[in-house]
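All chains, please: the whole structure from these sequences, using the hints.
Residue numbers (this note's numbering), protein chains in the order written: chain A, 120 to 421; chain B, 22 to 325; chain C, 66 to 337.
Honestly, the hints are just simulated from the structure, not real lab data. Be aware that one or more of the hints could be misleading.
[To be verified] Here are the simulated DSBU-like cross-link-like pairs (lysine-lysine), alpha carbons at most 30 angstroms apart as the crow flies:
hint, chain 1, residue 1, chain 2, residue 2
1, C, LYS210, C, LYS222
2, A, LYS291, B, LYS76
3, C, LYS222, C, LYS194
4, A, LYS134, C, LYS153
5, C, LYS153, C, LYS194
6, C, LYS194, C, LYS226
7, A, LYS134, C, LYS210
8, C, LYS210, C, LYS194
9, C, LYS153, C, LYS222
10, C, LYS105, C, LYS194
11, A, LYS134, C, LYS160
12, C, LYS226, C, LYS210
13, C, LYS105, C, LYS153
14, C, LYS210, C, LYS160
15, A, LYS134, C, LYS194
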Amino acid sequence: MRGCFAVPEPTVDNKLMRRRRTFIDLATHTIAVVGGLLCLGIVTAVLGWIILRGAPHVDLHFFWEASRESGLAGGIRYQIAGTIILMLTTLAVAVPLSIGLALAATVYLPRGAARSALQGFLQLLNAMPSILFGIVGYLFFFHYLGWGKSWLAGGLVLGWMILPTVTISLIKSMEAIPLKQIHAAAGLGMRRGQIIRSIYLPQSVRGLFTGSFLGLARAAGETAPILFVATVFAGVSLPEGIRDSPVLALPYHIFVLAQDSLQAGAIENLWATAFVLVALVIGLSLTVLPFRLHNSNRRDHA
Amino acid sequence: MDSLLLKKRYRPDLWAVFSWAVLGLVLGVLVYTLATLVVQSLPAWREMGAGLLLKNDWFFRHGRFGAAGMVYGTIVVGLLALALALPLALGAAIWMAEYLAPRSRWGVKVLIESLAAVPSVVYGLLGVLILRRWMGEWLAPFGAWSGDTLLTGGVLLAIMILPTLTTLTEDALQNVSQRQRAAARGLGLTRGEVVWSVILRQAMPGVLAASLLGLGRALGETIAVYLVIGRMDNQLPERLFSGTALVQPAQTLTSKLGGSELYIALGDPVHWGAMMALCLILLGITGLCAGASLFLNRLWTTNS
Amino acid sequence: MLKKSQITSTAPIYEPFVASPRVLLFREISVWAQGLQILKDISLDIPEHCCFGLLGPSGAGKSTLLQCVNRLLDLQPGFRVSGSIHYKGADIMSKHIDADHLRTRIGTVFQQSSVFPTSIYENVLFGLKRVRGIPRAERADVVEKYLRQAHLWDELKDRLKRPATELSVGQQQRLCIARTIAMEPEILLMDEPTSALDARSTEAIERFILSVRNQCTVILVTHDLEQARRVTDRIACLCAGEEGGEILETGCCDAVFANGACRQVFQRIDEE
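Here is the structure:
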């Protein structure tokens, strides 16, 4: 069949060229498939290990009991409680600030350099190592304010850390609002504040939701920011005040146990805790996945 | 005449007040952070000068603070992670963007993106319980004493940045318009040729930006590296590309900062200053990567 | 929608057209996209060295028919094709055909030009360099030859190394034409190449089509009846039937325009 199309070609070493081209085609396909399968393999291995080693040891007791024997036995009740407290505080800190920043970036700042500078700053902040947030928090709360370890300090540091994630998501959904709507509202005589309340905010709820969940997923798993300012390993159940009230947290629990992981019982608990943490984080991320994919599909068709 | 038209009462836009206040707060925190870091690190700079960066001499008990070993560790571990992860990520991205059917591509994408969410402490755990043992066994014939080596750190970080790198690279490849592909195939180019001549050539800035972002993340990672790198100071080899350094334990800027030395340093202004200087160096390195990535992205999206 | 009963003649009319051999034979091509039928039982004989026009309203499936010929339809998911297209004795739709090689023999000019983001010089050589290979010494001559043929040489001869994206839309489309004919294809498929262009570029491209008929067969999809009159030797009129596009009439322009059913179709095109 191929011979039907053989037209006498001008160059002499054309057979060589055809062979080379076929080789490149095949090689590229192979590289792609090998790369993809290896990537998938690593992903599956990591997730698989966590699930296989961790899931069997997780049961209702594990969630409900408190830790005993320095984490070698018992459950992770107060670690979960601590993580939840930190996440709620983070949310309470990040959401208002993000709304303010997003409004600045889409409504109040003059167009052009100022807006792209703010967006650029947010991208840079997002890429900062998380340990730096923790150290600066330590400087501020411990050194400057004289607090001890505090859950509020942890929430503030984490909230500051996820600020870019939530803000960028909000900005995207605000920018997706068609300009015609804004002009129509202004044409009706609405003031800027009213336009914000009735158009910008309601239509960016989805962005807020997506960004918050993604940010919380990150905040729940981070150890470095809360290492110095908020968490201890044992001796605390629920916080009692603000200034000197550390909490327990899932990631810190894993971190400390991983450093002296010599006893068999600890290893079981380690895997189980890791499984719970990963399930929480992936659960949060996957919840918003349909909304994120929907947004990017819309962008492609536009 | 409608009297309301004439009266222009001043009504403060509360949202504007709120928004500007937040902006001011955020900028204030930023300025305060940078200023504090710089100011607090001054005693160390005054004491050590550039030696802080260049000397391989960290003995805090004797008041000597040369962080060259840590800078070396950070950079090597970051570059190693990128070198290991980028080929895989690029291959996987090409596979997803050019060869997979849309439905399978979606499934693979979801799987890989969920791995990107896994926290670093869990990677650290995997490193401690699994990777460390393996590396200890495999590297023993090369002179490693244990599994806590620079190479282990690099491999673990490579696994950590793989999902993010794959996602970002694939986005960059997808950004090349379908019409370019159709035009090239219409000329008779094979699928493989289209990947190299058209897709990669046009997506290169995006791929580069993605790599820089992945590198930045690897450079800034604390917890996972802390657990597997051995945390041994002053591990600066004599030659720049030394194989022995890879199988020895090492120290990175982040593993030092994540340790308990921060508490110890609290009393001594020079020691504390040195720690703050480490923060600044780390900030500088990661900031450079992030900034370059941002710049490339801006360049690329304005041209396409 | 025109009902079948309104068509006066369903059999294609052949006029003895200089007894030239048929180079492309469509036999009962039907195309479905996600369950919906787009083309129904298309049968055409396309003679060699002529310009064959495909006319019809939007949605009749003209572009889809064209994409069957160079197998670009394979690149889009969700399409199913039945029937056969015979070219040089072989069935293009067969699985055994090397589609990439086929596309070097059958060139395509799309409705929207997409130049590669490199220099004008490199754009012309793009396919040739990679697929055929061309020694460095010959490259400049080749670029000049095909830019002349596409009526672009005089405008661009001083700035061959400039990026192709700087050109106007009309120039970009002609550059795409130059790039395509540099492969010396035997069949040239053109999908409404001038619909987005100004009068001057349109005229240049029409002159090009008239001149290139000696070298290859052109299949031109167009909306413009006057263009069909000026440029084509034979046309086929497609209409969007109930079950997909169908051929109403083939033949030379006057014969087709005389057909009542086709006239109705053309009136509708004019109104669009």
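Hint by hint, here is what the structure shows:
1. Of the supplied pair hints, the one linking LYS210/C and LYS222/C holds, its CA atoms being roughly 11 angstroms apart against a limit of 30 angstroms.
2. At roughly 46 angstroms between alpha-carbon atoms, LYS291/A and LYS76/B are farther apart than 30 angstroms, so this suggested pair is violated.
3. Proximity of LYS222/C to LYS194/C is assessed by CA-CA distance (about 20 angstroms); at most 30 angstroms being required, the pair is judged to hold.
4. Between LYS134/A and LYS153/C the alpha-carbon distance is near 22 angstroms, which keeps this suggested pair within the 30 angstroms criterion.
5. At most 30 angstroms may separate the alpha-carbon atoms for a hinted pair to count; LYS153/C and LYS194/C meet this at roughly 26 angstroms.
6. Between LYS194/C and LYS226/C the CA atoms are separated by roughly 16 angstroms; this keeps the pair inside 30 angstroms, and the hint holds.
7. At roughly 26 angstroms between alpha-carbon atoms, LYS134/A and LYS210/C fall within 30 angstroms of each other, so this suggested pair holds.
8. At roughly 15 angstroms between alpha-carbon atoms, LYS210/C and LYS194/C fall within 30 angstroms of each other, so this suggested pair holds.
9. Our distance criterion of 30 angstroms between C-alpha atoms is broken by LYS153/C and LYS222/C, whose separation comes to about 38 angstroms.
10. Distance hint between LYS105/C and LYS194/C is unfulfilled; the C-alpha atoms sit about 39 angstroms from each other, more than 30 angstroms.
11. Proposed proximity of LYS134/A and LYS160/C is supported: the alpha carbons are some 23 angstroms apart, at most 30 angstroms.
12. Pair hint LYS226/C plus LYS210/C holds up; C-alpha atoms about 16 angstroms apart against a cutoff of 30 angstroms.
13. Note on LYS105/C and LYS153/C: the hinted pairing holds, with a Cα-Cα distance of about 24 angstroms set against a maximum of 30 angstroms.
14. This hinted pair does not check out: LYS210/C and LYS160/C have alpha carbons roughly 36 angstroms apart, beyond 30 angstroms.
15. Restraint check for LYS134/A and LYS194/C: the C-alpha separation of about 15 angstroms stays at or below 30 angstroms, so the hint holds.
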